[in-house]
Amino acid sequence: MATPHISRRLVESRRLVEVARTSPPLLCFPDPLPGEWARPLRDAGYDLFCVSGAVAAAAAERGGQEVWRGAVVCAIDDMTEAISLCRRLRRREEPVTPLLLIVGRHEIGELKLRNDLFDDFCVAPLHPGELSARVEHLFWRAGQVLDEKVIEHGPLVLNLETYQASIASRALDLTYMEYQLLRFLATHPGKVFTRDTLLNRVWGYEYYGGARTVDVHVRRLRAKLGEEHAHLIETVRSVGYRLAHGVGASAHRGADWEPVDGEDPLGTTRRSAG
Amino acid sequence: MRDQRDYVLRTVEERGIRFVQLWFTDVLGTPKAFHITPAELENALDEGMTFDGSSIDGFSRIQESDVLARPDADTFQLIPWHGHDEPVARVFCDIFNLDQTPFEGCPRHVLRRTLERARSAGYTFFAAPEVEYFCFADLEVDPSRPPRPIDSRSYFDLTGADRSSDLRRRTVLTLEEMGIPVEHAQHEDAPGQHEIDLRYTDALTMADTVMTIRLVVKELARQDGIHASFMPKPLAGVQGSGMHTHLSLWQGERNAFFEQNDPDGLSGVARHFMAGLLHHSREISAITNQWVNSYKRLVLGYEAPSHVSWARNNRSALVRVPVVKAGRPESTRIEYRAPDSACNPYLAFAVMLAAGLRGVEERYELGPEADASLYDLSPEELAARGVGSLPVSLNEAVDAMEQSKLLIETLGDHVFEWFLRNKRAEWAAYRAEVTPFELSRYLPVL
Numbered sequence: 001m002a003t004p005h006i007s008r009r010l011v012e013s014r015r016l017v018e019v020a021r022t023s024p025p026l027l028c029f030p031d032p033l034p035g036e037w038a039r040p041l042r043d044a045g046y047d048l049f050c051v052s053g054a055v056a057a058a059a060a061e062r063g064g065q066e067v068w069r070g071a072v073v074c075a076i077d078d079m080t081e082a083i084s085l086c087r088r089l090r091r092r093e094e095p096v097t098p099l100l101l102i103v104g105r106h107e108i109g110e111l112k113l114r115n116d117l118f119d120d121f122c123v124a125p126l127h128p129g130e131l132s133a134r135v136e137h138l139f140w141r142a143g144q145v146l147d148e149k150v151i152e153h154g155p156l157v158l159n160l161e162t163y164q165a166s167i168a169s170r171a172l173d174l175t176y177m178e179y180q181l182l183r184f185l186a187t188h189p190g191k192v193f194t195r196d197t198l199l200n201r202v203w204g205y206e207y208y209g210g211a212r213t214v215d216v217h218v219r220r221l222r223a224k225l226g227e228e229h230a231h232l233i234e235t236v237r238s239v240g241y242r243l244a245h246g247v248g249a250s251a252h253r254g255a256d257w258e259p260v261d262g263e264d265p266l267g268t269t270r271r272s273a274g
Numbered sequence: 001m002r003d004q005r006d007y008v009l010r011t012v013e014e015r016g017i018r019f020v021q022l023w024f025t026d027v028l029g030t031p032k033a034f035h036i037t038p039a040e041l042e043n044a045l046d047e048g049m050t051f052d053g054s055s056i057d058g059f060s061r062i063q064e065s066d067v068l069a070r071p072d073a074d075t076f077q078l079i080p081w082h083g084h085d086e087p088v089a090r091v092f093c094d095i096f097n098l099d100q101t102p103f104e105g106c107p108r109h110v111l112r113r114t115l116e117r118a119r120s121a122g123y124t125f126f127a128a129p130e131v132e133y134f135c136f137a138d139l140e141v142d143p144s145r146p147p148r149p150i151d152s153r154s155y156f157d158l159t160g161a162d163r164s165s166d167l168r169r170r171t172v173l174t175l176e177e178m179g180i181p182v183e184h185a186q187h188e189d190a191p192g193q194h195e196i197d198l199r200y201t202d203a204l205t206m207a208d209t210v211m212t213i214r215l216v217v218k219e220l221a222r223q224d225g226i227h228a229s230f231m232p233k234p235l236a237g238v239q240g241s242g243m244h245t246h247l248s249l250w251q252g253e254r255n256a257f258f259e260q261n262d263p264d265g266l267s268g269v270a271r272h273f274m275a276g277l278l279h280h281s282r283e284i285s286a287i288t289n290q291w292v293n294s295y296k297r298l299v300l301g302y303e304a305p306s307h308v309s310w311a312r313n314n315r316s317a318l319v320r321v322p323v324v325k326a327g328r329p330e331s332t333r334i335e336y337r338a339p340d341s342a343c344n345p346y347l348a349f350a351v352m353l354a355a356g357l358r359g360v361e362e363r364y365e366l367g368p369e370a371d372a373s374l375y376d377l378s379p380e381e382l383a384a385r386g387v388g389s390l391p392v393s394l395n396e397a398v399d400a401m402e403q404s405k406l407l408i409e410t411l412g413d414h415v416f417e418w419f420l421r422n423k424r425a426e427w428a429a430y431r432a433e434v435t436p437f438e439l440s441r442y443l444p445v446l
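In order, the protein sequence lines correspond to chains L and R.
Taken in order, the first sequence gives residues 1 to 274; the numbers are from our numbering.
Taken in order, the second sequence gives residues 1 to 446; the numbers are from our numbering.
In short, the hints are calculated from the structure, not lab data.
Just so you know, not all the hints are guaranteed correct.
[To be verified] Residues from chain R that face chain L, not an exhaustive set, calculated with beta carbons under 10 Å:
1. D3
2. R10
3. E13
4. R15
5. F19
6. T75
7. L175
8. E176
Glycine residues also receive a C-beta, built at the ideal position from the N, C-alpha and C atoms.
With the rest of the complex left out, here is chain L:
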């Protein structure tokens, strides 16, 4: 099972890099943000930009850093500076959101009448994972999910987070390997893979079925996709399989498209009782 693990990690880390390159940093206070909080945020793929207060934030904005992805403000050591930073971030022409405020147990009272300054708060001490989980949830609520984790291809939707697949809004009940195969093909739409490649990349180990296992799983996937969508997985003669390129592929089957039962080694008509 080594290969699928690795290939998935590669795919995901690539996506995170893209997010980091294209999305603005997360503003953090104080500078530096304590390591126990900074680490899980960085691990989750956020680019952090720490400031020492409202003035430093303003300076950074003047220096070209105009957009913030959101903010994590810790008010434990300096409540006054934290509140003034929050106020500054919220009074901009485009208020910074989401904004997560971290307070100590004794400062909870200070939140009164300041509900407009933050989107959510949490109380220290925090579990290391709580901070990034809360940030992620805030982004989710705001509709800006950091890592999409959903592959859409025409009527086919794969949610990598929940392992659920659907076709034309109908949930597909897949076995684990069927799901992995579909996911692999859907991650590389239009690209043709040989049976051996698929076996190595998706199964990653010598399976009882050998390379023909791929045919078997493709057939089972097509059966589950149903007649209407079975052609989403195309047989490329003498090569292997691919996910039909483009949604319109359903309308015109290319010359290299082979009927679903075309490659069946045991496929001639058989009949007889007894």
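Since chain L is already given, all that's left is putting chain R on it; use the hints.
Only chain R this time, still in chain L's reference frame:
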């Protein structure tokens, strides 16, 4: 393994699954199941479920009766007929001893072990069975009279005929929903008899599939008030229910049964494999045809094989080489026609593979093809041609099995010995019966 486990747990949560059935099979091929809640599933996947095996046919041992059922997360699948409101899923289990070694009585292990042997010789083994069964009108079985087929020709009930094809269509759709591609399905020659032909898969998946099909067919029929049966010969005078199985060996992407330069397109491997099947067919009969009733199907006149022979397109032969469409050499395969639908598919696939492999290893010579229809030959003519016959009774089959080194090796001591004991007992019970045949034939005149 971790990923598969997470996949299963997550799916259970996402789909709101209320129960998970852990399926396994006893030595005679009877499906068994535990039902567990999602809360217990994580533990079952990690550690397995301990249960007392002494109540399962073929699982009992003298010392330790507890065994462990470990789900094969690969086989996790929603069961469509439970509906979408309270979904139920199934997963097949392998049975282990408490010390985590494979339990010798588990049929899945027997097949895995044999597949492993094929693999070490460089082969993968594919199977595609044709599963036949009958649909009867009465859910309750009344042994005092023959069952009534739902679409019996003598009854010629139009609504009955509709019901039966409708049921078959729903059965096929349900199978496809479960990822079991059906090659085709049709009404068979006998009244109420149906056939579902499956597309090939590796033999382990196929054995699981046969177990699934039997359940799907029976369950959907039951919901319709119909009794579906895989009994090999439920009605005298018409054909029985066979499970002709198409077999092929592959080396990577190459069909090892195909040889371009051979006039018949058959490789040496294919010929040796066929010779192995024919040579050991009597020994493996008790497994491929495991019931007293199985031998009532293997009689002359109903397209079932009774002679040990092979032919290209002669359906009376035990091993048939189907004609391959031009340009489709990868379809090269052989068909073994003895098994019936009531066999244990794990053990049946294992012994068919073992017999064929033995032929390949020992380079058995394949005899000449049977040219005339064997049905037309007299016993003397058959003997003159050196054509042997399959056992005519369970008793004879068990005798042949008892002498077989191949079967001890393939099944392992535990299954081999238990099976012999069980089948001897079945034969003894049958022998003590006085049948309607005897009463009607002897009582009036003797």
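Status of the hints after comparison with the structure:
This hint holds: D3 (chain R) has a C-beta 7 Å from the nearest C-beta of chain L, less than the 10 Å allowed. Nearest Cβ of chain L to the Cβ of R10 (chain R): about 5 Å, under the 10 Å cut. The hint holds. Given the 10 Å rule on beta carbons, the hint for E13 (chain R) holds: about 8 Å separates it from the nearest Cβ of chain L. For R15 (chain R), the interface hint holds, the least distance from its beta-carbon to any beta-carbon of chain L being 7 Å, beneath 10 Å.
The beta carbon of F19 (chain R) is not positioned within 10 Å of any beta carbon in chain L (closest approach about 15 Å), and the interface hint is therefore violated. Hint status for T75 (chain R): holds, given a least beta-carbon distance of 7 Å to chain L, under 10 Å. Annotation: L175 (chain R) was flagged as interfacial toward chain L, and the flag holds, the nearest CB pair being 8 Å apart, inside 10 Å. A distance limit of 10 Å between C-beta atoms decides the matter here; for E176 (chain R) the minimum to chain L is near 4 Å, and the interface restraint holds.
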